[in-house]
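The sequence shown runs 1 to 521 under the working numbering.
For the record, the hints were derived by calculation from the structure and aren't laboratory data. Each residue gets a CB set at the ideal place from its N, CA and C atoms; glycine is no exception. Any given hint might turn out to be false.
What the hints assert, rightly or not - Ranges of calculated distance between the beta carbons of each label pair, as one might list FRET restraints:
(1) I207 - G254: 47 to 53 Å
(2) L102 - Y460: 52 to 58 Å
(3) L441 - K294: 51 to 57 Å
Stated by the list, open to error - Below, simulated DSS-like cross-link-like pairs (lysine-lysine); rule was C-alpha separation at most 30 Å, straight line:
(4) K426 - K294
(5) K266 - K294
(6) K223 - K426
(7) K205 - K296
(8) K71 - K439
(9) K427 - K439
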Amino acid sequence: MNRQLTKTALLIVVINLLSRLLGFGREAVIANQFGATSFTDAYLLAYTLPYFLQAILGMALVSAIVPVVTKYLLANETEEAWRIASITLNWTTLFMALFALLGILGAKYLVFLTAPGFNASTRELAISLTKIMFPSVIFMAGGMLLTGILNAKKRFAVAAFAPGFSSLIIILTVILLGQYGIHYLAWGTLLSMLGGLLIQVPVLKQIGFRYYFDWRLHHPEVKGLFYNLLPIFLGTAVNQIYLMINRFFASGLGEGSISALNYAGKLMNLPMGIFALAISTVIFPLLSEQAVQKNKAEISLTLLSGLQMVLLITLPAAAGLMALRTPIVQLLFERGAFDQLATQMTAGALFYFCWGMFASAMLMVITRAYYALGDVWTPLFWGMLSILVNIGISIAFLPVLAHRGLALANSLAAIFNALCLYLWLKKHLKTLYGAKLLKSLFTFSVGSLFTGLAAWQVNYYLGLTFLRGSSLKFLGLKLGLSIGAGVLVYGLWLGLVYREAIFGLWQNVKKGSRFMNKDVE
Numbered sequence: 001m002n003r004q005l006t007k008t009a010l011l012i013v014v015i016n017l018l019s020r021l022l023g024f025g026r027e028a029v030i031a032n033q034f035g036a037t038s039f040t041d042a043y044l045l046a047y048t049l050p051y052f053l054q055a056i057l058g059m060a061l062v063s064a065i066v067p068v069v070t071k072y073l074l075a076n077e078t079e080e081a082w083r084i085a086s087i088t089l090n091w092t093t094l095f096m097a098l099f100a101l102l103g104i105l106g107a108k109y110l111v112f113l114t115a116p117g118f119n120a121s122t123r124e125l126a127i128s129l130t131k132i133m134f135p136s137v138i139f140m141a142g143g144m145l146l147t148g149i150l151n152a153k154k155r156f157a158v159a160a161f162a163p164g165f166s167s168l169i170i171i172l173t174v175i176l177l178g179q180y181g182i183h184y185l186a187w188g189t190l191l192s193m194l195g196g197l198l199i200q201v202p203v204l205k206q207i208g209f210r211y212y213f214d215w216r217l218h219h220p221e222v223k224g225l226f227y228n229l230l231p232i233f234l235g236t237a238v239n240q241i242y243l244m245i246n247r248f249f250a251s252g253l254g255e256g257s258i259s260a261l262n263y264a265g266k267l268m269n270l271p272m273g274i275f276a277l278a279i280s281t282v283i284f285p286l287l288s289e290q291a292v293q294k295n296k297a298e299i300s301l302t303l304l305s306g307l308q309m310v311l312l313i314t315l316p317a318a319a320g321l322m323a324l325r326t327p328i329v330q331l332l333f334e335r336g337a338f339d340q341l342a343t344q345m346t347a348g349a350l351f352y353f354c355w356g357m358f359a360s361a362m363l364m365v366i367t368r369a370y371y372a373l374g375d376v377w378t379p380l381f382w383g384m385l386s387i388l389v390n391i392g393i394s395i396a397f398l399p400v401l402a403h404r405g406l407a408l409a410n411s412l413a414a415i416f417n418a419l420c421l422y423l424w425l426k427k428h429l430k431t432l433y434g435a436k437l438l439k440s441l442f443t444f445s446v447g448s449l450f451t452g453l454a455a456w457q458v459n460y461y462l463g464l465t466f467l468r469g470s471s472l473k474f475l476g477l478k479l480g481l482s483i484g485a486g487v488l489v490y491g492l493w494l495g496l497v498y499r500e501a502i503f504g505l506w507q508n509v510k511k512g513s514r515f516m517n518k519d520v521e
């Protein structure tokens, strides 16, 4: 990566961190106001399909439009790039408006299909909330298309903060209106999606984007974009289908199971949303440029750097979350209606979610390499197989581990998917530098094991001292010291056994060169 991209990635990390903190603030105020109850189960179920579409259709739109817009920008055909983007925006908005109408009319059937285990009162509440929030899919799709346009122009900051801005709207809604019932939370969620779209408009004007009221579908690039959108949509849907599988099985378990999986999933996604998303977002336009230029050697090196960077962060993060899962959940959520049982359920799910965190992070990078290369069907094929793996493991472990078995199934399916997709890339790229990646994986894994052990030991022994209290102050101090110990141990490990990698990373930050790859360039 060049110097500017490295600096941009660091900036996006900071913005993603702020957005994620706001996201956890959102979850915390919701948990405090409504707890892990049938009310939150109904809200989360009602939010499932809009969120599902936000996560998969939104990312699919970004993945489809970035290579196309990048192609025309590289050819200095800026106006044509804006015209293609406008046609896509027009048809997407119309389609999503019709889809929202169908969702409102069919809310009863959607709730029954996705949560057959709900009792009558919870089901009726979920139907009501679904009707309120379903129009948010219109704003979501439009907002993600704007994000794709900005990413193609390498303007990442505002788009990265849009989720944080949406979370801020929900936080204010709960604080001001949450006491009047969960329906106000649903209305705030709808408004938050609109806010995430509108915040990007001023930056679009800055880059010179011009909107065209053009509905021509015969443009070859537009036809190709929509043709690619379906397999990208389905391939991107894998993680969200995992979520729907979780909620389908968990709806027949004890009260709060869906909520526990939700809160645990949010915690697991924190390092991915901060670091892996930043890295994959920044390298995607670069991969697209290299694909347009047919420079597969550079694609291989960019992919290797991206995978090494996400492993460097997500492996120790997973170890730390596993070691400190209970105090983390206590600090963030255990207050108000969120009791000790909810903490135990959430911490148990978090432990098993963390097993597959590294694989989920790798998938964010690997799939973008496929999309940049124009291969939209391979990620779909392996993703669908991983869904079958997920269902099979869920059925096998549900009687033994309850909702924790669903988290374990997600992790094992993600590992299967990432491994198959990575190996299949040999069909496109001359070399994957697999030995070098495996060396990094082993080194980071061993260091992460020491990291988790150090964090757990420090937290345990601090609990035997004057910090054994359960107040937020004591919990926060113990966690801070425990995390600090883990970071210190990880840094020492890397410094001892992987000095070349650390030096390469430092050079990457200073000079913008690729890190850890000097021996393969």
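Here is how each hint holds up against the structure:
no. : hint                    : result
1   : I207 - G254: 47 to 53 Å : 51 Å, holds
2   : L102 - Y460: 52 to 58 Å : 53 Å, holds
3   : L441 - K294: 51 to 57 Å : 29 Å, violated
4   : K426 - K294             : 16 Å, holds
5   : K266 - K294             : 38 Å, violated
6   : K223 - K426             : 28 Å, holds
7   : K205 - K296             : 34 Å, violated
8   : K71 - K439              : 35 Å, violated
9   : K427 - K439             : 22 Å, holds
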